[in-house]
Amino acid sequence: MIDADVHIPNPRLRDLYPLLPEHWVEHFENTMDKGASQEYYPPKSPVSGRRGGLEELREAVFERGGAEVAISSCLYAVDSIHNPDVAAVLATATNDWQAAEWLEREPRLRGSVVVPIGLPAAAVEEVERGAGRPGFVQVLIPVRTEHPLGSRHYHALWKAIEQSGLVAAIHFGGAPVMPPTPTGWPSFFLEEYTAMAQVFATQLTSMIVEGVFDACPGLRVVFLESGFTWIPSHLWRMDKEWRNLRRLVPWVRRPPSDYFREHVRVGIQPLDAPPDPAHLCEIVDQLGSDDLLLYASDYPHVHACDAGDLLLRLLPESLGRKIRSENARSFYRLSEGG
Amino acid sequence: MKYVVAEASEIESGGRKIVTVAGRSIGVFNLDGEFFALRNRCPHQGGKLCEGKLWGVIRSERPGDFRYRPSREILCCPWHGWEFHVRTGQSWCAPERLRVRRYEVETVAGEEIAEAPDAASAQPDDPDAPVPGMVKGPYTAETYPVTREGEYLVVDIPR
Numbered sequence: 045m046i047d048a049d050v051h052i053p054n055p056r057l058r059d060l061y062p063l064l065p066e067h068w069v070e071h072f073e074n075t076m077d078k079g080a081s082q083e084y085y086p087p088k089s090p091v092s093g094r095r096g097g098l099e100e101l102r103e104a105v106f107e108r109g110g111a112e113v114a115i116s117s118c119l120y121a122v123d124s125i126h127n128p129d130v131a132a133v134l135a136t137a138t139n140d141w142q143a144a145e146w147l148e149r150e151p152r153l154r155g156s157v158v159v160p161i162g163l164p165a166a167a168v169e170e171v172e173r174g175a176g177r178p179g180f181v182q183v184l185i186p187v188r189t190e191h192p193l194g195s196r197h198y199h200a201l202w203k204a205i206e207q208s209g210l211v212a213a214i215h216f217g218g219a220p221v222m223p224p225t226p227t228g229w230p231s232f233f234l235e236e237y238t239a240m241a242q243v244f245a246t247q248l249t250s251m252i253v254e255g256v257f258d259a260c261p262g263l264r265v266v267f268l269e270s271g272f273t274w275i276p277s278h279l280w281r282m283d284k285e286w287r288n289l290r291r292l293v294p295w296v297r298r299p300p301s302d303y304f305r306e307h308v309r310v311g312i313q314p315l316d317a318p319p320d321p322a323h324l325c326e327i328v329d330q331l332g333s334d335d336l337l338l339y340a341s342d343y344p345h346v347h348a349c350d351a352g353d354l355l356l357r358l359l360p361e362s363l364g365r366k367i368r369s370e371n372a373r374s375f376y377r378l379s380e381g382g
Numbered sequence: 071m072k073y074v075v076a077e078a079s080e081i082e083s084g085g086r087k088i089v090t091v092a093g094r095s096i097g098v099f100n101l102d103g104e105f106f107a108l109r110n111r112c113p114h115q116g117g118k119l120c121e122g123k124l125w126g127v128i129r130s131e132r133p134g135d136f137r138y139r140p141s142r143e144i145l146c147c148p149w150h151g152w153e154f155h156v157r158t159g160q161s162w163c164a165p166e167r168l169r170v171r172r173y174e175v176e177t178v179a180g181e182e183i184a185e186a187p188d189a190a191s192a193q194p195d196d197p198d199a200p201v202p203g204m205v206k207g208p209y210t211a212e213t214y215p216v217t218r219e220g221e222y223l224v225v226d227i228p229r
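Sequences listed follow chains H and C, in order.
So for the first sequence, the numbering used here puts the first residue at 45; every next one is plus one.
So for the second sequence, the numbering used here puts the first residue at 71; every next one is plus one.
No lab work stands behind these hints, which were simulated from the structure alone.
It should be emphasised that the depicted structure is a prediction, and the values quoted were computed from it without experimental measurement.
Treat the hints with caution; some may be incorrect.
[Claimed, not checked] Each computed DSS-like pair below joins lysine-lysine, with the alpha-carbon atoms no more than 27 Å apart:
no.: 1; chain 1: C; residue 1: 87; chain 2: C; residue 2: 123
no.: 2; chain 1: C; residue 1: 118; chain 2: C; residue 2: 87
no.: 3; chain 1: C; residue 1: 123; chain 2: H; residue 2: 284
no.: 4; chain 1: H; residue 1: 284; chain 2: C; residue 2: 118
Build out the structure end to end from the sequences listed, making use of the hints.
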């Protein structure tokens, strides 16, 4: 079994001091700047990250969870930092910290390169540093960004990720200057969390329509904590609009749903499950391919329902096997046995 | 059955004429001196396809790349913008399953039409007057005379 979404806790700023140039240590010590905010959720809530160590992760993910390989990310929000030099230097230090404290100590754990997404040129440098670095298999990009991810603003970054051989993991969250819903700033967390599916949908549309996959035909993208039940109807609509307006974006030479199925994979946790679980089977069928879904636990975040338990109980064994391991093994190009 | 639908000189290059023959609305297009006829009905939802705009052919290898051939032979339905190739009737958005009905068009000398064996019995003011191998199209309804000197567009509509 391969777990496509586990988290390692954010580093404390002090953890990064040994990895930072001296003048930045002095900067953090002597100013009010304490780096990125720590969490998306209230501290100690079940969906909030806990400061568990490597032993706790080993026990939960590999021993009890049964994963052969787990793909981790650290959600330290460098994208929330407006000082460009601080964002870049903390991204670099966070990656060095992940390598030294987690990835080098646990070979079954794979990592995600953190990038200052608000600064695409600096993000490219960080991707190049991560290419071929032991343990790292993907680049972490928060789904909420300042510009649509397909815009030309990010094309050099996509090209760098494609050439690095890393996967682009687009993950729930992000803290850009833009509101988290298409119509502006909501008042309550409930609105923001629910709207995240629309943010994923918009980013998917943007990347396909603006030609990211035509410019980077080898690019592989995984959506993490996006949910997937919104995807079939969104693809139907995008295909329909493409037939009407195709000539304005002539680089999009196939129906958008083709690009999605070729380039994108989706983690299953958390699951926006219908009240009748039997309807889930229909939605999985409507996705149009057995290759798309990846088992994910979202460790250490705890959700109301375990997507793996619910989904894998409903689906045929052959499809369950693909979701549990084969899809991730093939997409991440992991060798047999990890 | 073949129908005379227009005088060849009447449709200029890049132009079109929409005619009704055998109960069908048909668009006749002049692409740089070549004539093509398509059913004036979009296979998507029945829009008047032949009233749509003509576009050149654009190909692209990557975002921002536009390779334009100004041949203006892509017809876009005015309802939903679905594209069809005037030369072939082929859809450009779902080529594997969609095409619009196309008909053969030929340019025939008036002399040939006039000398067809039963041409004499075809009255200029009789829209249904049979001409062997040809039925006069809307021009006969407009009492349009087929002269021996002219050249005419004839559309072949299988029964």
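Do the hints match the structure? See the list:
no., hint, result
1, C/87 <-> C/123, "holds, 13 Å"
2, C/118 <-> C/87, "holds, 13 Å"
3, C/123 <-> H/284, "holds, 20 Å"
4, H/284 <-> C/118, "holds, 19 Å"
Violated hints for the displayed structure: none, as all numbered hints are satisfied.
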